[in-house]
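Top line first, the protein sequences correspond to chains W and P.
So in this note's numbering, the last spot in the first sequence is 291, and the numbers never skip.
So in this note's numbering, the last spot in the second sequence is 479, and the numbers never skip.
A few of these clues could be false.
What the hints assert, rightly or not - Below are the DSS-like pairs computed for lysine-lysine, each with C-alpha atoms no more than 30 Å apart in a straight line:
no.: 1; chain 1: W; residue 1: 82; chain 2: W; residue 2: 122
no.: 2; chain 1: P; residue 1: 443; chain 2: W; residue 2: 266
no.: 3; chain 1: W; residue 1: 135; chain 2: W; residue 2: 122
no.: 4; chain 1: W; residue 1: 266; chain 2: W; residue 2: 57
no.: 5; chain 1: P; residue 1: 343; chain 2: P; residue 2: 422
no.: 6; chain 1: W; residue 1: 57; chain 2: W; residue 2: 82
no.: 7; chain 1: W; residue 1: 57; chain 2: P; residue 2: 443
no.: 8; chain 1: P; residue 1: 443; chain 2: W; residue 2: 159
no.: 9; chain 1: P; residue 1: 422; chain 2: P; residue 2: 346
What the hints assert, rightly or not - Covered stretches of chain W, as calculated for chain P (at least 3 residues, CB under 8 Å):
no.: 10; stretch: 52–60
no.: 11; stretch: 155–164
no.: 12; stretch: 253–259
Stated by the list, open to error - If we take Cβ atoms under 10 Å as the criterion, some of the chain P residues that face chain W in the derived model are:
no.: 13; residue: 313
no.: 14; residue: 447
no.: 15; residue: 450
no.: 16; residue: 460
no.: 17; residue: 462
These aren't lab readings, by the way, just hints derived from the structure by calculation.
No residue lacks a Cβ here, since even glycine has one placed at the ideal position from N, Cα and C.
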Amino acid sequence: MHVIGAAGLASSVPAAALHAAWMDSKGFAPAPPSEDTVTPRGYATSFNNFYEFGTDKNDPAELGSRLTTEPWNVEVAGLVGKPGTYGIEDLLAGVDLEERIYRLRCVEAWSMVIPWIGFPLKMLLERFNPLGSAKYVAFTTLYRPEEMPGQRSYFSSIKYPYVEGLRLDEAYHPLAIMAVGMYGQVLPNQNGAPLRLVVPWKYGFKSIKSIVRIELTETRPRTTWNLTASNEYGFYANVNPTVHHPRWSQGSERRLPSSLFNGNRKISTRMYNGYDEVAGLYAGMNLRLNY
Amino acid sequence: MLAGWDVAVEIRSPGSVFGADPAEAIVSLLGTWTIRLLLITLSISTVARIFKRPKIVTLRRTVGLWTFVYACIHFTAYFTLLAEFSISAWLEDFSERTYITAGMTALLLLIPLAVTSTRNWQRRLGLHWRKLHTLIYPAAMAALLHVLWAAKASFLDVFIYGLALAILFGERIVVRIRRRAGRGASSH
Chain W
1 MHVIGAAGLA SSVPAAALHA AWMDSKGFAP APPSEDTVTP RGYATSFNNF
51 YEFGTDKNDP AELGSRLTTE PWNVEVAGLV GKPGTYGIED LLAGVDLEER
101 IYRLRCVEAW SMVIPWIGFP LKMLLERFNP LGSAKYVAFT TLYRPEEMPG
151 QRSYFSSIKY PYVEGLRLDE AYHPLAIMAV GMYGQVLPNQ NGAPLRLVVP
201 WKYGFKSIKS IVRIELTETR PRTTWNLTAS NEYGFYANVN PTVHHPRWSQ
251 GSERRLPSSL FNGNRKISTR MYNGYDEVAG LYAGMNLRLN Y
Chain P
292 MLAGWDVAVE IRSPGSVFGA DPAEAIVSLL GTWTIRLLLI TLSISTVARI
342 FKRPKIVTLR RTVGLWTFVY ACIHFTAYFT LLAEFSISAW LEDFSERTYI
392 TAGMTALLLL IPLAVTSTRN WQRRLGLHWR KLHTLIYPAA MAALLHVLWA
442 AKASFLDVFI YGLALAILFG ERIVVRIRRR AGRGASSH
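All chains should be built: construct the whole structure from the sequences, respecting the hints.
Structure, rendered in structure tokens:
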């Protein structure tokens, strides 16, 4: 991973700051392999899985503009010392934004490389004074069918709102961030505006978008894809080329954009999406069972 | 045919038609047209019966063969663009992914139908030809399962195809029952 200076963000986000030194001081900066060039922005903003807007890849870009992201409040609940409803401007006040270039591996066996702008999730959670009994963090996406046509579909097996979660030690890992921007600009709606999770060592569906609720819990929270098809999607959903999926081979991935006759840019999928520094979180766990 | 034009434009300017993942988009577009053509093939005799236009049944062979051609291109696109000519990737998909198993089954069932579609074969097989060509029904079921099992969370397409297939199957059952009843009545 490498960190480069964030360009000026659009007005609704505080000035971006550089945190390269911070990342370097943590000591994990494996040089990305040569194929890790940043995906052109146009592809990252027009090829999205955000089923709240529809299940076609171009639906979110076409229908996402209907979403109102101002004002935006996040309800903080559960095992925290400071529960309440926070406006996004409160959550971002005094936060130093940094750019993180991460690989994004979708469970559908495609991948991109995205320059996110955000801040460590741990920084956010600690502001709410988590209690010692908290073991997990649960997130909820906005439920607003009038602006999100996918939530009105009669033919969807997904129950909305979309929910996701992490073990608290996963959430506290420095690689896990809350993103508010990408490509030096605020997040487009189709990419999960105005506030989304990015957990680069897990399949993309864990990185929940357009978050309106954060709850710290003692028991493992329910997660949408696990509820939809538990034999296919587990709670952990760590990128793992050795655990086969009933739909897609997870041994390799197609780095997008692919082009038809230029070779498909198929590359080998790496354990934890190449972010080996998270391996300690799962020491001693059977990853075949905890997929 | 439509897909051909889109592919030509895509080759001239990558990303312009099929977006970031043209391989997946093309395979899926070809699959969509394959099952639609299959349903159109099945509907020809139904339409001929309902509207009493027996002559249009002659279209069935042409549309049926186009269905087979699309199924073959759909498979070829999958094998070249997604499996990237890897037999082992294909075999893994075939054995581990039920929707691929179903799709391959549908394609295999269509092969004898395409081969025996000529008048010559029709004459040679005589009464067996009709029986052989009832393979179109398990092929259609397998194709529907292919679409159903490939669907992640959105079932609108599957619902429409399934409804169409149910209507076409239902009409045939009704015809059969009536024919049987008619025969029974006349023997008395």
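Evaluation of the provided hints:
1. Restraint check for residue 82 of chain W and residue 122 of chain W: the C-alpha separation of about 15 Å stays at or below 30 Å, so the hint holds.
2. Our distance criterion of 30 Å between C-alpha atoms is met by residue 443 of chain P and residue 266 of chain W, whose separation comes to about 23 Å.
3. For the proposed pair residue 135 of chain W and residue 122 of chain W, the alpha carbon gap of about 13 Å is at most 30 Å, so the pair holds.
4. About 20 Å separates the Cα atoms of residue 266 of chain W and residue 57 of chain W, which keeps this hinted pair within 30 Å; it holds.
5. Taking the CA atoms of residue 343 of chain P and residue 422 of chain P, the gap is near 24 Å; set against the 30 Å cutoff, the hint holds.
6. Restraint check: the Cα-Cα separation between residue 57 of chain W and residue 82 of chain W comes to about 38 Å, which exceeds 30 Å; the hinted pair is violated.
7. Proposed proximity of residue 57 of chain W and residue 443 of chain P is supported: the alpha carbons are some 13 Å apart, at most 30 Å.
8. In summary, the hint linking residue 443 of chain P to residue 159 of chain W is supported, as the alpha carbons are separated by about 13 Å, within the 30 Å threshold.
9. For the hint pairing residue 422 of chain P with residue 346 of chain P, the CA-to-CA distance comes to about 22 Å; that is within 30 Å, so the pair holds.
10. Counting residues of the stretch 52–60 of chain W whose CB falls under 8 Å from any CB of chain P gives 3; the rule of at least 3 is met.
11. Counting residues of the stretch 155–164 of chain W whose C-beta lies closer than 8 Å to any C-beta of chain P gives 4; at least three are required, and the coverage claim holds.
12. As drawn, the stretch 253–259 of chain W meets chain P at 5 residues by the rule of a beta-carbon pair under 8 Å; at three or more, the given contact holds.
13. The interface hint given for residue 313 of chain P holds, since its Cβ lies 5 Å from the closest Cβ of chain W, which is under the 10 Å cut-off.
14. Using the Cβ-Cβ criterion of 10 Å, the hint placing residue 447 of chain P at the interface with chain W is satisfied: the shortest such distance is roughly 4 Å.
15. At its closest, the beta carbon of residue 450 of chain P sits 6 Å from a beta carbon of chain W; the interface hint therefore holds under the 10 Å criterion.
16. Hint on residue 460 of chain P is violated. Least Cβ distance to chain W is approximately 21 Å, over the 10 Å limit.
17. Residue-level restraint check for residue 462 of chain P is violated (minimum Cβ-Cβ distance to chain W is 25 Å; threshold 10 Å).
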